[in-house]
Structure formats: C-alpha cells, structure tokens
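Undergrad: Same order as they appear, the protein sequences are chains A and B. Going by my numbering, the first residue of the first sequence is number 701, and it counts up by one from there. Going by my numbering, the first residue of the second sequence is number 701, and it counts up by one from there.
If you are wondering where the hints come from, they were derived from the structure by calculation, not from laboratory data. Be aware that a few hints might be false.
Copies of the same chain look alike in the list, so a pair counts if it works inside one copy or between any two.
To be verified - Taking lysine-lysine pairs in the BS3-like style, the calculated list, with each CA pair at most 25 Å apart, reads:
(1) K702 - K931
(2) K761 - K710
(3) K761 - K981
(4) K819 - K931
(5) K729 - K702
The structure displayed is predicted, hence computed values, not measured ones.
Number of protein chains: 2
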Amino acid sequence: MKAVLMQRGKLWVENVDDPTPGPGEVLVKSLACGICGSDLHAVRHTEDFVTTSREAGGAFKLTTFDPVVLGHEFCAEVVDYGPNAKGPDTERRFSSGQLVCSIPMLLRSQPLAIGYDEKVPGGFAEYMVLSERMMRPVPEGTPVTAAALTEPMAVGLHAINKARLNGREAILVIGTGPVGLAVLTALSGTHQGPIIASDLSPGRRHFAQRQGADAALDPSVEDPFAHQDIKRAKELVIFECVGVPGMLDRLFLDAPQDARIIVVGVCLQADQIRPMIAINKELSLQFVLGYSMEEFDTSLRAIADGRFDVAPMVTSEVGLDDVEATFRSLADPEADAKVVVNPWLDPGRNRD
Amino acid sequence: MKAVLMQRGKLWVENVDDPTPGPGEVLVKSLACGICGSDLHAVRHTEDFVTTSREAGGAFKLTTFDPVVLGHEFCAEVVDYGPNAKGPDTERRFSSGQLVCSIPMLLRSQPLAIGYDEKVPGGFAEYMVLSERMMRPVPEGTPVTAAALTEPMAVGLHAINKARLNGREAILVIGTGPVGLAVLTALSGTHQGPIIASDLSPGRRHFAQRQGADAALDPSVEDPFAHQDIKRAKELVIFECVGVPGMLDRLFLDAPQDARIIVVGVCLQADQIRPMIAINKELSLQFVLGYSMEEFDTSLRAIADGRFDVAPMVTSEVGLDDVEATFRSLADPEADAKVVVNPWLDPGRNRD
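Make the full structure from the sequences, and use the hints.
TA: Right, here's the structure in full:
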C-alpha cells in the first residue's frame, strides 16, 4: 500500500506492505486523517519529542527514531477481519463498508500508539489495523471528515472536563490553532460566562469567532487581560493552547490573582518559569493530555448530532502526495485550521 | 530602641528611633519573633527577592534596597495607643500589658508589609507599631513563643485549605523545614490518609515524625515515591516545601499520574521545567502564599487549645545581638527547627 513515512523530520511517500490484522483486530481503509499539532512537533522536533517521551512515559509518545507512519485522528472504513480473527477476542460487531472511528491505540500484549509506533501504520496510509474493542461506529449521515475530528474534539472536551468549570467563569483561550478551536467548539453553547480568544493570526481569530469566541483579540495590539470581560471576571480560567517556551512565564506575569491555567498546548522543550510570580498570585496549573473512552464517545456523538459544529474547521483535504508540502505550509496559520489527509483522494490511485 | 537592620544581605544591630503609632495604631513590645525561611531568602538573595517582588506584585514582598527591620512572625505586648490615637479608627479594644498577635500588615493609606518595609520595623526590634484592626488577643495561658508561631502555622493551614483535601489522600511532604513542619502539624490529627515526609537532614526528619509524619525518609537512601503508602495511593497530594530550583522538574519526573503538587516552598530564582513530562502525567500545580484573616484566627485558636502542638518546633530563643550569627547557622538544619528572636532576652538591657 501507499503510505507517508516520517523519520527524523523527513517525510516521503513509499509503497509498504499492507498491515495484517491479528486476533481482535480489523483491517480498515483510512478515509480521512487530520494533521495534529503533535504531528507537526514530531516532524519539526523529532529529537526533543523522542527524548522527552522516553523519559516521561505516558500515552502520548514517539519513542522511536525508526520510520513511522503518522496519523492518529482518523475516520476509516471496515475492510475485513482477516485470517487471524478468531477466538474470544473477536466479536465481529462490524461489517465491511461500515464507517468507524477509534481511539488510536492497538491492544496488543504491549499496547501500541497508532500514529507513533513503527510496528503499525497511522492514518497517513491507505490501510491500518484497529482493535475491535477500541472501534466505534460512525452514526449514519456524519461526514467522514467531521468524524475524523472526533479525536481532537475529545482532547478539547477532556481539557474542559479537567478544568471542572462551573459554567460562569470568564474563559480566555490563548492560541486558536486546532487545539484552541477544539476547546472553543466544546465550550460553545454550554458555557454561560464570557469566552475570549487571543491569537496573533487574523485567520485564526476568524476561525475562533466562528467556533464560539465572544471576541478574538490580537495580543500584539490589545492586551487580552485588559479586556473588560476578563478584568471584571470573579473567576478566570485560561486555556493555554500554544505550547511554546516562555508562554507559562508570560501568563504568570499577565494573569490576575487566583487565575487557573489549563495547559493544553504541548511544549516539548525545556521551559523557564519564575515560581515566585505564580506564588504571589496563587495561580494554579493543570496539565492535561488525551481523553477517556467516554469522552471519545461523547465527542463522536456530539459531532454526529451537530452539537460540536466542526465542519467549518476542516479547511482542506489533501492526498498522500501532498502531505510533505502541507506539513511545510502549516507553518502559515492564515489559510488553514484543520487539514485532513485523504489517502484515496485521487480516484486514479484507488485500487478497489 | 535597639533593632536588627538588614540591607543587601548584611545584618547589624543599631539604635534607631522608636516607632510612633498613628491613628488606629498601637505601640507594642516585640516579645518573640520567629525567623522565617523568607527572612533567610531576603538576606541571602536580596537582589533576586527585590527584583522578583517588584515585578510580581502581591503581598509577599521586599521591594526596597534600603535598610529594613525584618520579622513578621511575632507575639507582642501592648504598650500604648500613643498621642495620635483618636477618631473613629481607634476602638481601644486592647489594654497595656495584653499579649497580642497580628497579621504583619499595617493599614496605612498604602498598606505596609511589616517586616519587609523600610518605613516601619518588623519584630527583630524592641518595639513595633500594629494596626488595631489586625491585632488579635492571645488566649490566656498560651506561651509567648507558641503564639509567635501563629503566622507560620497559618501558612501551613492555608496550604492545606488550598489543597482541598478529602482527608483520605496519601500525603507526601517534601522538605521539613519550618514550612513543611507547619503543614505536618496542621494535618496531624485530622487527616485520615498516610502522611510521609522526606528530608535530607536527620534532624529535620526527627522533627517531622514528632509533628505527625507516619514516616520520614531520607531521599538519598530511599525513594519516597517507592514507599508502599505512596505507591498504593489512589490519590496523592505532594506538598513541595523546599523551594529551590530544580525541585519542580524533579517532582515532574518522580510523581505518579494525576498527582497534585502544592507549591509552598518559595523559589526566588528562575526555574526550569519540562512541561511535557507534567502533561504526560496530567499533573497539577497549585502555588500558594499567605493566609486569610480567618486562617490566622484559626491558627491562633488551635495553638492556644493545643490542637496545633507547636512547642516542640521552637528549638531556641536568641537575643538581638545573636540574630546575625543565627542567620548564618540556620544553613545547618540539624540543630534547629524554628528559632525565635526575643528582643528582651537579656534582662539587663530591658529598659522597662
């Protein structure tokens, strides 16, 4: 099959062996797979990513310098259970042609992180194998590209759940790339308090307002902490969705007394903070990652029934041949919010 | 009056003018005043302390390079209201000879931090002025040195309150200097879950067990995170009471998934962390500082009625002439937990 491989920051297309489903596993066609900020990190900062992942443990990890097929935000179509599908692990709940999403985790004796492991391909390839127990049917009528956003929306939902909001806090979302937009989309329609977004890019501010921000500010022109809804707030929760060195210390300086900072952006590099500034204001930080199975299911349901209005976030769909160029162009935030890779985009290359 | 002055890390004894109480203020004799870790910081890292305080704002601050009289953990004896004590601000609730404690804050048009401000002396001097509204009578029979621990015990109580404990978590107290001991003392007798302490010093581990730790470990010999009570814990709350650079990153590496870190130790220097390690484990940090008026009152009451058993923590009492030497010897944690300065220790120098 055709796949996009990544090694030490290089991306290329190559024909590789089709993956073979083991017991309890299903062969699927990857129909749509979002490019995640973590994928960009993995390509641009492979060394940092691998080093920190090896040291930190946890679920979110690229621990290999071998070639990998990235892609963990996918919607796929069931092909076949394969010759090894027998025994108590295989329930045969799915049939060929059915659309599914899945937590990107393959339940082998040692669980594998789909999209980060050299042993199985992620969604930037024509075929993948998934664990039946992790798979969820996509409700009828849900667009494939919207269903592919189940995973990043679960990340946003999880961040909100970890923040334990009472619904009345003022919210400040710093950085409105895909993660910030997921937070805004999940807040939208349920949160009573004001929701302010901040991003340097006009394009991203535009998306932020479309996904539910009451106002989207350019921090180079207007200090978001001087906005009346933030200044007046009795309680302030800040979602840090940028993840670059210096952001936390900047927030320590800018945030008011008792602000709660939810760290959703993934900063791979070592970072410098001045604890005494946070101490003087009694700030709190909650670092968050991933989501639960329940949050994944909630996210898929909310996308299917329209509560999570994700369609505007998908700004383009590219084929495997364009992945490398797209990774380069995502450095420019003006044009794109979420780019979805469709491995079958050129019908001439579709071998079915 | 006789006072200990501090400027840019130097400490010396000098005769200075007695302070004059303004409206709503009372002249008191400082009878006992604890040496706080922040005092040590102020002397050893004046430059860092002032720079960060000026930048950070907040209540806990030394913002001047002028000579100051340190000391903010005191018990004092009422002398007189003074000639300016009239008008609606003066209630005359206190009488001469009465023992009092006070939040170290003087309520002038611009509130002054007693013990950090060049305009009024702290407790390392024979006399001070206090705001009547901040003063609390010391209950009958409470030893003066115990009452002087009201302020640091309020810090420990506040840290516990900010941690919002359910009473069943496993607790790990890292560092059992005066702050760690205050946390242990305030937890002791009310917390149901296991309480483990960790400190490099045998002397401090000894104090930790006396103040209620179920076990006190030497982290150079035994990894506290490998202790069975910590490993088995469903919920773990870590009180970081050291406050030196590198501690937070070390805790990020060592702490288990979902651990909550309460940052009580005051690290004045810039510090380096690796956010991704905290992200992978979904750790949270709550920075804490100070206490409320209510917590101060609770602390004084609990000391008076014996619930906060602080007497063993007071390991020595020194006069003003010995303050400078004591600041140097506190670098050695073996001998001392809390040292209390008694400006009237040598009766020959008592001018009353």
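Undergrad: Take the hints in turn and mark each one as holding or not.
TA: Here is what the structure says about each hint:
no.: 1; hint: K702 - K931; result: neither (53 Å within a copy, 46 Å between copies)
no.: 2; hint: K761 - K710; result: within (18 Å within a copy, 51 Å between copies)
no.: 3; hint: K761 - K981; result: between (33 Å within a copy, 12 Å between copies)
no.: 4; hint: K819 - K931; result: neither (51 Å within a copy, 32 Å between copies)
no.: 5; hint: K729 - K702; result: within (12 Å within a copy, 84 Å between copies)
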